[in-house]
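Q: Sequences and hints are given; from them, build the entire structure.
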Amino acid sequence: MWIPPGQNQSWVSEFILLGFSSDPTTNRTLFSAFLLLYLSSVLGNGLIITLVCLDMHLHTPMYFFLCILSLLDMSCVTTTVPQMLVHLLSQSQTISFAGCWLQMYIFGAVGLTECILFVVMAFDRYVAICYPLHYTVILSWGLCTQLSAGTWACGFFFSLIHTFFTMRLPYCGPNRVNHNFCEGPSVQNLSCLDTHIIEMVDLGISVFMVVAPLSLIVASYIRIAQVILKFKSMQARCKAFSTCASHLTMITFFYAPTTYIYMRPNSSYSSE
1 MWIPPGQNQS WVSEFILLGF SSDPTTNRTL FSAFLLLYLS SVLGNGLIIT
51 LVCLDMHLHT PMYFFLCILS LLDMSCVTTT VPQMLVHLLS QSQTISFAGC
101 WLQMYIFGAV GLTECILFVV MAFDRYVAIC YPLHYTVILS WGLCTQLSAG
151 TWACGFFFSL IHTFFTMRLP YCGPNRVNHN FCEGPSVQNL SCLDTHIIEM
201 VDLGISVFMV VAPLSLIVAS YIRIAQVILK FKSMQARCKA FSTCASHLTM
251 ITFFYAPTTY IYMRPNSSYS SE
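For reference, each letter of the sequence shown is one residue, going 1 to 272 in this note's numbering.
Quick caveat, the hints were computed from the structure, so don't treat them as lab data. Everything numeric in this text was worked out from a predicted model, so none of it was measured. Don't be surprised by glycine CBs; every beta carbon is placed ideally from N, CA and C. Everything hinted at is true.
Computed cross-link-like contacts, SDA-like style, restricted to lysine to any residue with a CA-CA straight-line distance of at most 20 Å:
| # | residue 1 | residue 2 |
| --- | --- | --- |
| 1 | 239 | 60 |
| 2 | 230 | 134 |
| 3 | 239 | 128 |
| 4 | 232 | 131 |
| 5 | 230 | 241 |
| 6 | 230 | 218 |
| 7 | 230 | 133 |
| 8 | 239 | 221 |
| 9 | 232 | 130 |
| 10 | 230 | 240 |
| 11 | 239 | 225 |
| 12 | 232 | 132 |
| 13 | 239 | 133 |
| 14 | 239 | 224 |
| 15 | 239 | 62 |
| 16 | 230 | 219 |
| 17 | 230 | 125 |
| 18 | 239 | 134 |
| 19 | 230 | 131 |
| 20 | 239 | 125 |
| 21 | 239 | 226 |
| 22 | 232 | 243 |
| 23 | 239 | 63 |
| 24 | 230 | 127 |
Derived DEER-like restraints, expressed as beta-carbon distance ranges:
| # | residue 1 | residue 2 | range |
| --- | --- | --- | --- |
| 25 | 227 | 153 | 26 to 34 Å |
| 26 | 130 | 21 | 49 to 57 Å |
| 27 | 248 | 22 | 37 to 45 Å |
| 28 | 226 | 96 | 50 to 58 Å |
| 29 | 44 | 193 | 40 to 48 Å |
A: Listed below in structure tokens is the structure:
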């Protein structure tokens, strides 16, 4: 659909999400698979949040941040998957310009918030292992609340910058997004003008919100490893390493694809 603002130019009022396949049978199969994954994700993260809230023994900074991470994961999949499920079964695969703007903004905000939250969680493990006797003093509930609020604020602020610059680009055709949701690079590729400036903005955001946090996480775990290796008891070493294993696993699964997908210029970006 096109809205003609003038005689020589047309502007996009909606986008068409190409999704995965045009074959109805394939789409029904994908619908079942992604519905199961979505429900599993919401149920699993919902149970974590419920358990942390109900069990007084889990009212510690580590589980507080884990609860926030679960909430972010639920928000991420809820922003993208339900709309994708509808498109897998329906003939229409359009999304309004405003809907695309909102989806891009929330998805980016949640993702960027997670980037910083992983740093906060690394700081939590750093204090717990390197300063165990001062853990409750350093990580007071006041500080935990401030750190949590700061991560959300940074994520939503920088996502607003990214979304604002992306959606301010002129889109005068085509309007077919080669993706299953409105993702920044896929939408930017449809712009009528050169996207060099927005690529520079995205690079700056990526360095500040991905590279810098990852560097802080690496520095934290280098220090943690140095402290753990000084433990005389092998049992104490294994216990200390085990408390960091799940966090390191989440960091790997989060930052590896994020860095590969988003830390490249749009000219080399492929939605395939």
